[in-house]
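Final position of the sequence shown in this note's numbering is 335; the numbers increase by one with none missing.
Derived by calculation from the structure, the hints in this document are not laboratory data. Just so you know, even glycine gets a beta-carbon here, dropped at the ideal spot from N, CA and C. Treat the hints with care, as some may be off.
Stated by the list, open to error - Pair ranges (Cβ atoms, derived):
#1 Ala14 <-> Pro306: 34 to 40 Å
#2 Leu167 <-> Ala111: 14 to 20 Å
#3 Phe126 <-> Asp154: 22 to 28 Å
#4 Trp261 <-> Leu198: 22 to 28 Å
#5 Gly125 <-> Thr92: 18 to 24 Å
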Amino acid sequence: MPEACIADALGWLAQAVGTHLFVVKGVLALLVVCTLCGSVGAMVVGNRMAFFSDAMAHCAFAGVALGFLSVLVVGTDNKATAAWLVPLVMVTFGVLVGVGMILVRERTGLAHDTVIGVFFALALGFGAMLTKMVQNVSSVNLETFMFGSLVLVDELDLVYLCVVLALMCGLFLWRYNQLMFASFNPSLARTRRMSVTLNNYLFIILLALVVNLSIKAVGALLINALLIVPAAAAANVSRTLRQMFWLTITFCLGAGGLGYWLSSQFTISVGNQKVDFSPSGTIVVVSVVGFFLSMTVVAVWNRFAPIFGGRQFQQFHRHGPDDPCGDDHAFGQCP
Numbered sequence: 001m002p003e004a005c006i007a008d009a010l011g012w013l014a015q016a017v018g019t020h021l022f023v024v025k026g027v028l029a030l031l032v033v034c035t036l037c038g039s040v041g042a043m044v045v046g047n048r049m050a051f052f053s054d055a056m057a058h059c060a061f062a063g064v065a066l067g068f069l070s071v072l073v074v075g076t077d078n079k080a081t082a083a084w085l086v087p088l089v090m091v092t093f094g095v096l097v098g099v100g101m102i103l104v105r106e107r108t109g110l111a112h113d114t115v116i117g118v119f120f121a122l123a124l125g126f127g128a129m130l131t132k133m134v135q136n137v138s139s140v141n142l143e144t145f146m147f148g149s150l151v152l153v154d155e156l157d158l159v160y161l162c163v164v165l166a167l168m169c170g171l172f173l174w175r176y177n178q179l180m181f182a183s184f185n186p187s188l189a190r191t192r193r194m195s196v197t198l199n200n201y202l203f204i205i206l207l208a209l210v211v212n213l214s215i216k217a218v219g220a221l222l223i224n225a226l227l228i229v230p231a232a233a234a235a236n237v238s239r240t241l242r243q244m245f246w247l248t249i250t251f252c253l254g255a256g257g258l259g260y261w262l263s264s265q266f267t268i269s270v271g272n273q274k275v276d277f278s279p280s281g282t283i284v285v286v287s288v289v290g291f292f293l294s295m296t297v298v299a300v301w302n303r304f305a306p307i308f309g310g311r312q313f314q315q316f317h318r319h320g321p322d323d324p325c326g327d328d329h330a331f332g333q334c335p
């Protein structure tokens, strides 16, 4: 079994570095999740899908409830069945919701945020409707899926995350340029005979995999922050799409590592008690601080760059309908 091999390897690593097993598992899960979110986040921001990814994260909560309902319907060994059936149902439900949002928007002509709001309400309502059922058929604490817990990640979750990372690397090796073009400038992608529709559906499937299999470590309420905030900070200090992609991964890993370290090293005293910080929340706060720092760095650089003959960072520029590249995009120039 893959999880048994990973358990043995992690146990050996924990002994080698002289720490606890849950620390090693938490750090490994954090590295994989931050790499996934950083890689996908650049395209989420470039395609203006922040609200879309937030809806996907909350749909994952409904997918958890639907997964345990499926376990109840199957009626076999609950613990063994839930280990593989719940993630499968979560991912399937997430993909269907993502595809459904695109199809409804294309067929109705409604605004993107309106369609997302409808599916957002459906997912939250469906999840809330099945909350009591989940509590009755399992000992799972739903707060784990809402807020995440890096110290409770098990070996099977790490296997799923590593599989998604491998799939993402394969997809990027196959058609990274097309995915980036389709995200940042669909009009230009069509002029170069790229299949924008296919790339969009591939990206939605990848996003569904990342979101649904990461929420146990990061949480449904916090996964969107890791997808958006590091990418937004990278967009502030990037001059090209490729720079933004790699800086997003760097910022996401940096915020993840720093936030995890701060949560483990610092506490605050309230009365006679010491209050620990949640790793997931600390990571998100650190990433937001990094975003505002990037704004400050760009503002200071642009103020003094002409004095020293440096090149200023270009702010977002709205392209008009007569521009050859069509839709608005970042980095100030047509690619």
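Results for each hint:
no., hint, verdict
1, Ala14 <-> Pro306: 34 to 40 Å, "violated, 53 Å"
2, Leu167 <-> Ala111: 14 to 20 Å, "violated, 32 Å"
3, Phe126 <-> Asp154: 22 to 28 Å, "holds, 26 Å"
4, Trp261 <-> Leu198: 22 to 28 Å, "violated, 41 Å"
5, Gly125 <-> Thr92: 18 to 24 Å, "holds, 19 Å"
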